[in-house]
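So the sequences go chain by chain: A and B. With UniProt numbering, letter number 69 in the first sequence gets 69, and the count goes up by one each step, no holes. With UniProt numbering, letter number 17 in the second sequence gets 17, and the count goes up by one each step, no holes.
Calculated from the structure, these hints are not laboratory results. Quick reminder that beta carbons are idealized off the backbone N, C-alpha and C, glycines included. Errors might be hidden in some of the hints.
Restricting the straight-line Cα-Cα distance to at most 16 Å, the calculated cross-link-like pairs of lysine to aspartate or glutamate (EDC-like) are [as the list claims (entries may be wrong)]:
(1) Lys-86(A) with Glu-106(A)
(2) Lys-66(A) with Asp-84(A)
(3) Lys-66(B) with Glu-139(A)
(4) Lys-57(A) with Asp-11(A)
(5) Lys-66(A) with Asp-11(B)
(6) Lys-57(B) with Asp-11(B)
Stretch-level coverage of chain B by chain A, calculated; a stretch enters the list once three of its residues show a Cβ under 8 Å from a Cβ in chain A [claimed, not checked]:
(7) 6-12
(8) 56-65
(9) 91-98
Number of protein chains: 2
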Amino acid sequence: MKTEDDLLALDNQLCFALYAANRAITARYRPLLAELNLTYPQYLVMLVLWEANQDGKTVRVSDLGKRLRLDSGTLTPLLKRLADRKLVTRLRDTVDERVVTVAPTEKGIAMRRQAREIPGRLLCGTGIGEERIVALREELRSVLSLLEAQGEPSGR
Amino acid sequence: MKTEDDLLALDNQLCFALYAANRAITARYRPLLAELNLTYPQYLVMLVLWEANQDGKTVRVSDLGKRLRLDSGTLTPLLKRLADRKLVTRLRDTVDERVVTVAPTEKGIAMRRQAREIPGRLLCGTGIGEERIVALREELRSVLSLLEAQGEPSGR
DNA sequence: GTAAATTGTATTGTGTACAATATAATGGAG
DNA sequence: CTCCATTATATTGTACACAATACAATTTAC
Numbered sequence: 001m002k003t004e005d006d007l008l009a010l011d012n013q014l015c016f017a018l019y020a021a022n023r024a025i026t027a028r029y030r031p032l033l034a035e036l037n038l039t040y041p042q043y044l045v046m047l048v049l050w051e052a053n054q055d056g057k058t059v060r061v062s063d064l065g066k067r068l069r070l071d072s073g074t075l076t077p078l079l080k081r082l083a084d085r086k087l088v089t090r091l092r093d094t095v096d097e098r099v100v101t102v103a104p105t106e107k108g109i110a111m112r113r114q115a116r117e118i119p120g121r122l123l124c125g126t127g128i129g130e131e132r133i134v135a136l137r138e139e140l141r142s143v144l145s146l147l148e149a150q151g152e153p154s155g156r
Numbered sequence: 001m002k003t004e005d006d007l008l009a010l011d012n013q014l015c016f017a018l019y020a021a022n023r024a025i026t027a028r029y030r031p032l033l034a035e036l037n038l039t040y041p042q043y044l045v046m047l048v049l050w051e052a053n054q055d056g057k058t059v060r061v062s063d064l065g066k067r068l069r070l071d072s073g074t075l076t077p078l079l080k081r082l083a084d085r086k087l088v089t090r091l092r093d094t095v096d097e098r099v100v101t102v103a104p105t106e107k108g109i110a111m112r113r114q115a116r117e118i119p120g121r122l123l124c125g126t127g128i129g130e131e132r133i134v135a136l137r138e139e140l141r142s143v144l145s146l147l148e149a150q151g152e153p154s155g156r
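Please work from the sequences and hints to get the whole structure.
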């Protein structure tokens, strides 16, 4: 009885630790991203676009979805808000009209310069060492791949 | 240049690993919690209420907020939905009318029995060992406390 | 004892998440 | 060539998150 009860204790749940840590980190990002007028998911989208832009690759909405594990119901309005602010362009492919290609504008690309300071500023002062961050990140990536490998036929 | 660029690479960001892993775990919970007709945050609220109920303690909205790191804007509508389904009661304190005490109903308490199987069913088949889960959970808790200790004057 | 600050919850508005559904375009199978 | 499954995105609806604000009750300062 005691054992099963313990399993339901909030503090014993990995998921809650993940849930709380995720929101705590996002909360740390918020004031930094506010300087760029970006939300956290918008920032992630920009990261993907900046990377692709440097590699000379184009990015479709579905590519963003696969990379960030988000569906169109999340991405479409988010991208429209970024497009309204002239940070990205959304162009429907003329060959295959089902496809919408997303690219950063000059303004969007320029924002990358300011974004560069963010990772450095984020964790400084928290007393979390570099190697600890790397270890945790890799463990999370490993767990993520295990979670995604099992169960459902494929990622969304 | 290369170094700073790497810092902005999506795969090098702890925050994204956390963000993706959190949503992957929540997605794993979803079908299990659907059997109870609970969302994941609703489940967390019930966990807190079940714990307090066993300890004979009362829980105020602000207690839930502190424990789960959620504010009233999230909790109030969530608790109203649980109350609509007769899983919890929301009673305004007659002495201090600012206080609302939340408690599970008989129906809410009965649900605990079904919830017990969930932690066990969740990760079975993923190939993630028990000790690995514990280690990751403790590391996340440690990081969380460091994140919460610094910066802002206090937690929300 | 009363004004001011604090506390506890609620409300409003914006922005994700995601299931379910819709819609349009493409690529075969026949 | 045409029906049909598939693909890519968009739309709708529900439910968080959280900032900002509101407001009533309580506590503190004086």
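Checked hints:
1. For the given pair, Lys-86(A) sits about 9 Å from Glu-106(A) by alpha-carbon distance, which is consistent with the 16 Å threshold.
2. As the CA atoms of Lys-66(A) and Asp-84(A) are separated by approximately 23 Å, the hinted pair breaks the 16 Å bound.
3. For the hint pairing Lys-66(B) with Glu-139(A), the CA-to-CA distance comes to about 28 Å; that exceeds 16 Å, so the pair is violated.
4. With a C-alpha separation of about 44 Å, the suggested pairing of Lys-57(A) with Asp-11(A) is violated against the 16 Å cut-off.
5. Taken as a hint, the Lys-66(A) and Asp-11(B) pair is honoured in the structure, with Cα atoms around 13 Å apart against an allowance of 16 Å.
6. As the CA atoms of Lys-57(B) and Asp-11(B) are separated by approximately 44 Å, the hinted pair breaks the 16 Å bound.
7. Check result for the segment 6-12 of chain B against chain A: holds, 6 residues qualifying (beta carbon to beta carbon below 8 Å, three or more required).
8. For the segment 56-65 of chain B, the assignment as covered by chain A is violated, since 0 residues bring a beta-carbon within under 8 Å of that chain's beta-carbons and 3 are needed.
9. With 0 residues having a Cβ less than 8 Å from any Cβ of chain A, the segment 91-98 of chain B misses the three-residue criterion, and the hint is violated.
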